[in-house]
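Heads up: the sequence lines are chains H and Z, in that order. The numbering used here numbers the first residue of the first sequence as 1 and each following residue consecutively. The numbering used here numbers the first residue of the second sequence as 1001 and each following residue consecutively.
You may find that some hints are simply not true.
[What the hints assert, rightly or not] Once the Cα atoms are required to be at most 30 Å apart in a straight line, the calculated DSS-like pairs of lysine-lysine come out as:
id, chain 1, residue 1, chain 2, residue 2
1, Z, Lys1001, H, Lys14
2, H, Lys44, Z, Lys1068
3, H, Lys14, H, Lys44
4, Z, Lys1068, H, Lys14
5, Z, Lys1108, Z, Lys1068
6, H, Lys44, H, Lys9
7, Z, Lys1042, Z, Lys1001
8, Z, Lys1042, H, Lys44
9, Z, Lys1105, Z, Lys1068
10, H, Lys57, Z, Lys1042
11, Z, Lys1068, H, Lys9
12, Z, Lys1105, H, Lys57
13, Z, Lys1042, Z, Lys1105
If you are wondering where the hints come from, they were derived from the structure by calculation, not from laboratory data. It should be emphasised that the depicted structure is a prediction, and the values quoted were computed from it without experimental measurement.
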Amino acid sequence: NAGVTQTPKFRILKIGQSMTLQCTQDMNHNYMYWYRQDPGMGLKLIYYSVGAGITDKGEVPNGYNVSRSTTEDFPLRLELAAPSQTSVYFCASSYSSTYSYEQYFGPGTRLTVT
Amino acid sequence: KQEVTQIPAALSVPEGENLVLNCSFTDSAIYNLQWFRQDPGKGLTSLLLIQSSQREQTSGRLNASLDKSSGRSTLYIAASQPGDSATYLCAAPGGAGSYQLTFGKGTKLSVIP
Chain H
1 NAGVTQTPKF RILKIGQSMT LQCTQDMNHN YMYWYRQDPG MGLKLIYYSV GAGITDKGEV
61 PNGYNVSRST TEDFPLRLEL AAPSQTSVYF CASSYSSTYS YEQYFGPGTR LTVT
Chain Z
1001 KQEVTQIPAA LSVPEGENLV LNCSFTDSAI YNLQWFRQDP GKGLTSLLLI QSSQREQTSG
1061 RLNASLDKSS GRSTLYIAAS QPGDSATYLC AAPGGAGSYQ LTFGKGTKLS VIP
């Protein structure tokens, strides 16, 4: 299993541009998540999905959109990029059970907006 | 709202020493708690997931404990090695029934040869 894969690894955007960060998992997990990590701030949840066709906002959703058309894919869309969106973005997935939601992370996408 | 705090923020120890990393959380109505390792410029690697009923979980030289009543978890690393140098993150669910993780800011560990 490849686990959770993310593309691209690095990207530089100009202010106002848009892009999509790709995330794919091959573990048949129904829960998927997007986090951003800023220096000294810890990880913050942007959006999450509990299954295909179902998404919901996390702690910091402004400026982002998501969709979940398949179990495997959970792309994150940035519209009108702003310098405040410079960050490292991590996608994660987990299998849902009553007591265990162990999350598995992708390698991250490092985004710079200038 | 769940809040997770990790102390210390950074720790430097000589090789071979045993050490303890601390994590505290405010909402104790959790099913489990997860410890991660993050190497510079890399993603997060899951180390241990402790269920609330387990109180302890072991993997090799790592032992994690969970005390819900006091809102604390510890990660014990035995016989530390330079390869253990990384940032260690603790994450707790948002509360009863919640699967959204709240992360601490991490403890940056340096093991000196």
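Hint check results:
1. Z:Lys1001 x H:Lys14: violated, 35 Å
2. H:Lys44 x Z:Lys1068: holds, 23 Å
3. H:Lys14 x H:Lys44: This hinted pair holds, its Cα atoms lying about 23 Å apart.
4. Z:Lys1068 x H:Lys14: violated, 46 Å
5. Z:Lys1108 x Z:Lys1068: holds, 24 Å
6. H:Lys44 x H:Lys9: holds, 19 Å
7. Z:Lys1042 x Z:Lys1001: holds, 28 Å
8. Z:Lys1042 x H:Lys44: Distance ~17 Å between lysine 1042 (chain Z) and lysine 44 (chain H) Cα, so the pair holds.
9. Z:Lys1105 x Z:Lys1068: holds, 20 Å
10. H:Lys57 x Z:Lys1042: Distance of about 25 Å is within 30 Å: holds.
11. Z:Lys1068 x H:Lys9: Violated: lysine 1068 (chain Z) and lysine 9 (chain H) sit about 38 Å apart, past 30 Å.
12. Z:Lys1105 x H:Lys57: Status holds; Cα separation ~22 Å.
13. Z:Lys1042 x Z:Lys1105: Holds, at roughly 16 Å.
Going down the numbered hints, you'll see the structure goes against 1, 4 and 11, while the others check out.
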